[in-house]
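For reference, the chains in residue letters:
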Amino acid sequence: MSRIDDTWADKPGLVGWLSTVDHKRIGIRFVVTTLAFFVFAGLLAAVMRVQLARPDNHVVGPDTYNQLFSVHGSMMMFLFAVPVMEAIALYLVPLMVGTRNVAFPRLNAYSYWLLLFGGLMLIFVFVIDSAPDAGWFNYVPLSGPEFGPGKRSDFWAQLITFTEVSGLIGAVNIITTVFKLRAPGMTLARLPLFVWAMLATAFMILFAMPSVMLASTFLITDRLVTTQFFNPAEGGDVLLWQHLFWFFGHPEVYFIFVPALGVISQILPTFARRRIVGYVAMVVALVTIAFLSFGLWVHHMFATGLPPLGMSFFTAASIMIALPTGLQIFCWIATLATGEKVRFAAPFLFIIGFFFIFIIGGLTGVMLGSSTLDSQLHDSYFVVAHLHYVLIGGAVFPLFGGFYYWFPKVTGRRLSERAGRWNFWLFFIGFNVAFFPMHILGLEGMPRRIYTYPAAAGWSGLNLLSTIGAFTVALSVLVFFVNVWRSRRAGELAPDNVWGASGLEWAAPSPPPPYNFERIPAVRSRDPLWEPGFPAAEVVGLPDIVRSTLVTRLHDAEPDHIAILPDASIWPFLAALATTIMFIWSVFTPWGLTWGAIPLTITLIGWFWPKKDETRRTCAVEVKPDAGDARVHQLREALP
Amino acid sequence: MSARAVIDVSKLPTYAYSHRSLMWWGTLGMIAIEGTVFAIALVVYYYLRGLSLDWPIGSPPPDLLWGTVMTALLLVSGIPNQFAKKAGEAEDLRRVRIWVFVSIVFGIAALVVRIFEYPALNTHWQRNAYGSIVYALLTLHTVHLLTDFVDTVVLEILMLTGPLNGRRFVDVSENADYWWFVVLAWLPIYFTIYLVPRIFP
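So the protein sequences, as listed, match chains E and U.
In this text, residue positions in the first sequence follow numbering that gives the first Met the number 0: the first is 0, and each later residue adds one.
In this text, residue positions in the second sequence follow numbering that gives the first Met the number 0: the first is 0, and each later residue adds one.
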């Protein structure tokens, strides 16, 4: 075993498993965990569809039904859709920008454990019949102290704390990794579009998630220590909740959708075998979407009686977001039209599925963006149809395409193409059968979140059809998991660059070693692997007795200094455990925060405190800034 | 191996200060998040104020004394804090120990003053939404005071006992940056809690 392997290796056994800070091991866990939540929330949806398959049905009662849709929505949004996108980014971004780990590896581990524990909490309270029951946006006063007795809303509020802390840490990690750890020569103008998409997403997360954290904190204090934020009798306001929630909630849709746009922009040029058309326009569109997403939140509140001028503004802003989205779609079409003949492999099929489904979802979005029409359709199944078209079409289809595309990188083996086609067609047909009828049901007046309906309403046939579609989707997901399970061990072996793609992640071995690249390659274009004679140069001289990587300058990615990244550590796991105790304790008493802060502080100090051995090795290779800076200038002069 | 060009980075510095370092970006990220929390909490204050006919609701404005003492104290604490930062960047361990210690003393003083600030608010979080948001703003800031105080104490102990390497001085510098955030974030909160009810009754 060479020294670099030795330095980057994790300890064997359980302690090693709990201590790892390798972004790939954590990334895989993250994806697997979020997919497990996806399956759990999907099963809840299946129960709802069974209940709604016939009129006057009594598979579940109204209270269970309320918990079903609340946990389904909360879990899909907070524990699957947003974190799965961050998860694939935390796996892929260091490989795509050509570095050895994320900027803050231990925070990355902490962020993972928090999400896991938050999700387990929600599953546990569901099992004991104490789950949130006021919908995934948990409106007051329904969720407030007066109408929401018990601890259900408090668990919802703490779920938010878990997932948002986890998400915010992920965002800081992504931003710093992208800004400072890029391979030499990878200027901002050469960033892969997926990385641009994640950068835009990370910034959205940074400024949107605090809003919902504050809202859920205010809610929990209203319930636990009788603050009056949402109590109109004492100067509070119920609409304040909706503002705070949707100021986060609308950008949240884009945390899910924008990374998916990035996935498409990676896969599509590979299959068209040409550079993406309109790279700069694509980047501008991504950033524009990120900005505009903060100006739309009131369109979720068109039915609350806000002033007409405000409604007009938010109608205009909502419809405006179709422009940058449309721009991206035209760039993709142009790339496909001017590229080589496309092979319809599984990743590409899912991209095509995205085009069909998302465009329908986008069109109903433009309809709902109009405040007049929205007042009619609000809280009907039309909205349920729309949001599933946007979220599943806009995010889950590209995500599955991404799974087929990057699976060989992660495992060294391909997923079965045959199973992939079954997976796709069952999903595509099942999805449309499940959700298209909901548009019609909504127009016919079926409200969302009702646990049953009378036969006289005339909704029975379409509801049964929808249930059949839902089970087809479930079958498709089952095919996917069987495919993953079998291909992981027995799939066709894949070369490092299995698709002939252009991104740096394909320059690493499959699966990549713990340090990703023994020699970090220099980059001279947007499509490095399509450069003749790649790589023109490689980085040598990174010390191998510590976990080191190269830090480059923000704008031009010229070498700046060496970062010594931390070794594996059990402390992030322990700190997450202490955080979990504190969060759950504080559901029951405010003193939980006070007393719970003590073990948390201890674990954080343990985390921060330098280990002697690590310090010794760091000192052995240390070059002080004033001593090393002469070399930095010398090196920049000599760059090829 | 083929005869590819190499970029030999073996003599590059193994750490750097300010915006060159990863820590600086991490700290800035946390500041962006927490700054957003403060900003949104302030928006909530003005939102609730806009809904109410009388403000402060059913109580006199907070007494000026302790909040103003806090403002002065925090601004003055910037001086030892900045000295600690400069000593860190000069990697002068003796001066780091001294100035970080002085910063800790200021931290203790601020926490003590905070104890007197709560009763001087003249309201209670349970009384009405005004009381709730005023308490929330003050408590959000207190949490920051407290966490950075604990950070600073741990840092000082590390500076006294080791094990040390050059990168620990980057931690000193970043800790000082974060304290600046705690100081500067206080100013709009002070203005809102203490001055707004008096200037714009």
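Since the hints were made in silico from the structure, they are not lab data.
For glycine and all other residues, C-beta sits at the position ideal for the given N, C-alpha and C.
Certain hints may be false.
[Stated by the list, open to error] Now the stretches of chain U that chain E is said to cover, found in silico as 3 or more residues with beta-carbon under 8 Å: (1) 6-16; (2) 94-108; (3) 119-128; (4) 145-157; (5) 180-189.
[Claimed, not checked] Lysine-lysine pairs mimicking BS3-like chemistry, simulated, CA-CA at most 25 Å apart: (6) K623/E / K85/U; (7) K10/E / K10/U; (8) K623/E / K610/E; (9) K10/E / K610/E; (10) K340/E / K10/U; (11) K623/E / K611/E.
Enumerated hints in conflict with the structure, sorted upward: Hints 2, 5, 7, 10 contradicted; others consistent.
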